[in-house]
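Peer 1: In order, the protein sequences belong to chains X and P.
Take any residue in the first sequence, count from 1 to its spot, add 2: that is its number in our numbering.
Take any residue in the second sequence, count from 1 to its spot, add 343: that is its number in our numbering.
Possibly wrong hints are sitting among the right ones.
[Claimed, not checked] With a straight-line Cα cutoff of 27 angstroms, these simulated DSS-like cross-link-like pairs (lysine-lysine) come out:
(1) P:K387 x P:K362
(2) P:K414 x X:K71
(3) X:K5 x P:K362
(4) P:K365 x P:K352
(5) X:K71 x P:K365
(6) X:K54 x P:K365
(7) P:K414 x X:K5
(8) X:K71 x P:K387
(9) P:K395 x P:K414
(10) P:K395 x P:K383
(11) P:K414 x P:K379
(12) X:K54 x P:K387
(13) P:K410 x P:K362
(14) X:K5 x P:K352
(15) P:K383 x P:K414
(16) P:K414 x P:K387
(17) P:K365 x P:K379
(18) P:K352 x P:K383
(19) X:K5 x X:K71
(20) X:K71 x X:K56
[Unchecked claim] Stretch by stretch, here's where chain P covers chain X in the computed footprint (C-beta under 8 angstroms, at least three residues):
(21) 11–19
(22) 47–60
(23) 102–112
If you are wondering where the hints come from, they were derived from the structure by calculation, not from laboratory data.
Think of the CB as a built atom: it goes at the ideal place given N, C-alpha and C, for glycine as much as any other residue.
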Amino acid sequence: LAKTTQPISMDSYEGQEVNITCSHNNIATNDYITWYQQFPSQGPRFIIQGYKTKVTNEVASLFIPADRKSSTLSLPRVSLSDTAVYYCLVGSGYSSASKIIFGSGTRLSIRP
Amino acid sequence: DTAVSQTPKYLVTQMGNDKSIKCEQNLGHDTMYWYKQDSKKFLKIMFSYNNKELIINETVPNRFSPKSPDKAHLNLHINSLELGDSAVYFCASSQVRTDTQYFGPGTRLTVL
Numbered sequence: 003l004a005k006t007t008q009p010i011s012m013d014s015y016e017g018q019e020v021n022i023t024c025s026h027n028n029i030a031t032n033d034y035i036t037w038y039q040q041f042p043s044q045g046p047r048f049i050i051q052g053y054k055t056k057v058t059n060e061v062a063s064l065f066i067p068a069d070r071k072s073s074t075l076s077l078p079r080v081s082l083s084d085t086a087v088y089y090c091l092v093g094s095g096y097s098s099a100s101k102i103i104f105g106s107g108t109r110l111s112i113r114p
Numbered sequence: 344d345t346a347v348s349q350t351p352k353y354l355v356t357q358m359g360n361d362k363s364i365k366c367e368q369n370l371g372h373d374t375m376y377w378y379k380q381d382s383k384k385f386l387k388i389m390f391s392y393n394n395k396e397l398i399i400n401e402t403v404p405n406r407f408s409p410k411s412p413d414k415a416h417l418n419l420h421i422n423s424l425e426l427g428d429s430a431v432y433f434c435a436s437s438q439v440r441t442d443t444q445y446f447g448p449g450t451r452l453t454v455l
C-alpha cells in the first residue's frame with residue numbers, strides 16, 4: 003500500500019510561501035496524488051491533484067519529481083485563512099477501498 | 344445549494360444501539376464514499392460505492408453496512424454501537440473513483 007508521510011505541523015507568517023512535502027515511497031503506477039484542506043468542523047476540500055511533474059491552479063502548485071515517491075504542495079503568499087490541516091492522498095481506488103489512503107495531515111498555522 | 348449533505352450533524356447514543364447516518368449528493372456523481380475520522384484526525388476510508396458496486400475496506404467491522412437506494416444516496420447503518428465507534432463520519436462523492444472528492448460536513452457520533 004502507498005502509505006504517506008507528512009510533517010505533523012508547520013508554522014509560517016502571512017505573505018510567505020509555504021511548502022508541505024508528502025512522502026509516498028510505494029506509490030503505484032495508477033495512483034494519483036491529491037491534496038485536500040480541512041478546517042475545523044468541516045469536511046476536507048480539494049486543493050489540487052497531479053500525476054507527475056508540476057501542476058498549478060489558482061490556489062496552489064504541486065511539484066512531483068520523476069520518481070513520484072514524494073510530492074510538495076506549495077501555497078504562495080499565505081494568509082491567516084490558510085490555517086488548516088492539509089492532507090496528502092495517494093490512490094486510484096480501482097479495486098480496493100483500502101487503496102485510498104490519506105496521510106496523517108499537516109497542521110499549518112499562519113501567524114500575522 | 345449543498346453539494347453533499349449529511350444528517351444528522353450530531354448523534355449521541357448508547358452502546359449497543361443501532362443507528363443510521365444519511366448522505367445525499369446533488370452533483371450527479373457516480374461514486375460515493377464513507378470515511379471515519381478519529382480523535383487523532385486520521386481520515387480512513389470505509390467504503391466506496393460505484394454503480395451498485397460496493398468496495399469495502401477489509402478492516403471495517405461488518406457491523407457497518409452501507410446502503411444505497413439510488414445513485415444520489417449512500418446511507419451508513421451501524422449495528423451494536425461500541426465506544427470505539429465514536430468519531431466524525433464523512434460522506435464524499437466523485438464523478439469517477441480517481442476524481443476530486445467532494446466531502447459532506449460530517450456527522451459527529453458519540454457513543455456513551
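Peer 1: Determine for every hint whether it applies to the structure shown.
Peer 2: Hint check results:
1. Restraint check: the Cα-Cα separation between P:K387 and P:K362 comes to about 20 angstroms, which is no more than 27 angstroms; the hinted pair holds.
2. Straight-line distance between C-alpha atoms of P:K414 and X:K71 comes to about 35 angstroms, which puts the hinted pair past the 27 angstroms bound.
3. About 32 angstroms separates the Cα atoms of X:K5 and P:K362, which puts this hinted pair outside 27 angstroms; it is violated.
4. At roughly 10 angstroms between alpha-carbon atoms, P:K365 and P:K352 fall within 27 angstroms of each other, so this suggested pair holds.
5. About 37 angstroms separates the Cα atoms of X:K71 and P:K365, which puts this hinted pair outside 27 angstroms; it is violated.
6. Between X:K54 and P:K365 the alpha-carbon distance is near 37 angstroms, which puts this suggested pair outside the 27 angstroms criterion.
7. With a CA separation close to 30 angstroms, the supplied pair P:K414 and X:K5 exceeds the 27 angstroms bound.
8. Of the supplied pair hints, the one linking X:K71 and P:K387 holds, its CA atoms being roughly 21 angstroms apart against a limit of 27 angstroms.
9. At roughly 8 angstroms between alpha-carbon atoms, P:K395 and P:K414 fall within 27 angstroms of each other, so this suggested pair holds.
10. For a cut-off of 27 angstroms, the pair hint linking P:K395 to P:K383 is broken: about 32 angstroms separates their Cα positions.
11. Among the hinted pairs, P:K414 with P:K379 is consistent with the structure: their alpha-carbon atoms are about 21 angstroms apart, no more than 27 angstroms.
12. Straight-line distance between C-alpha atoms of X:K54 and P:K387 comes to about 25 angstroms, which keeps the hinted pair within the 27 angstroms bound.
13. Among the hinted pairs, P:K410 with P:K362 is consistent with the structure: their alpha-carbon atoms are about 13 angstroms apart, no more than 27 angstroms.
14. Under the criterion of a C-alpha separation no larger than 27 angstroms, the hint pairing X:K5 with P:K352 is inconsistent with the structure, at around 30 angstroms.
15. Only pairs whose Cα atoms come within 27 angstroms are accepted, and P:K383 paired with P:K414 is rejected, the gap being roughly 32 angstroms.
16. At roughly 22 angstroms between alpha-carbon atoms, P:K414 and P:K387 fall within 27 angstroms of each other, so this suggested pair holds.
17. Our distance criterion of 27 angstroms between C-alpha atoms is met by P:K365 and P:K379, whose separation comes to about 14 angstroms.
18. Proximity of P:K352 to P:K383 is assessed by CA-CA distance (about 20 angstroms); at most 27 angstroms being required, the pair is judged to hold.
19. At roughly 11 angstroms between alpha-carbon atoms, X:K5 and X:K71 fall within 27 angstroms of each other, so this suggested pair holds.
20. For the given pair, X:K71 sits about 14 angstroms from X:K56 by alpha-carbon distance, which is consistent with the 27 angstroms threshold.
21. Check result for the region 11–19 of chain X against chain P: violated, 0 residues qualifying (beta carbon to beta carbon below 8 angstroms, three or more required).
22. Counting residues of the region 47–60 of chain X whose CB falls under 8 angstroms from any CB of chain P gives 3; the rule of at least 3 is met.
23. Look at the region 102–112 of chain X against chain P: 5 of its residues bring a Cβ nearer than 8 angstroms to a Cβ of that chain, three or more, so the hint holds.
Checked against the numbered hints listed earlier, the structure breaks hints 2, 3, 5, 6, 7, 10, 14, 15 and 21; every other hint is satisfied.
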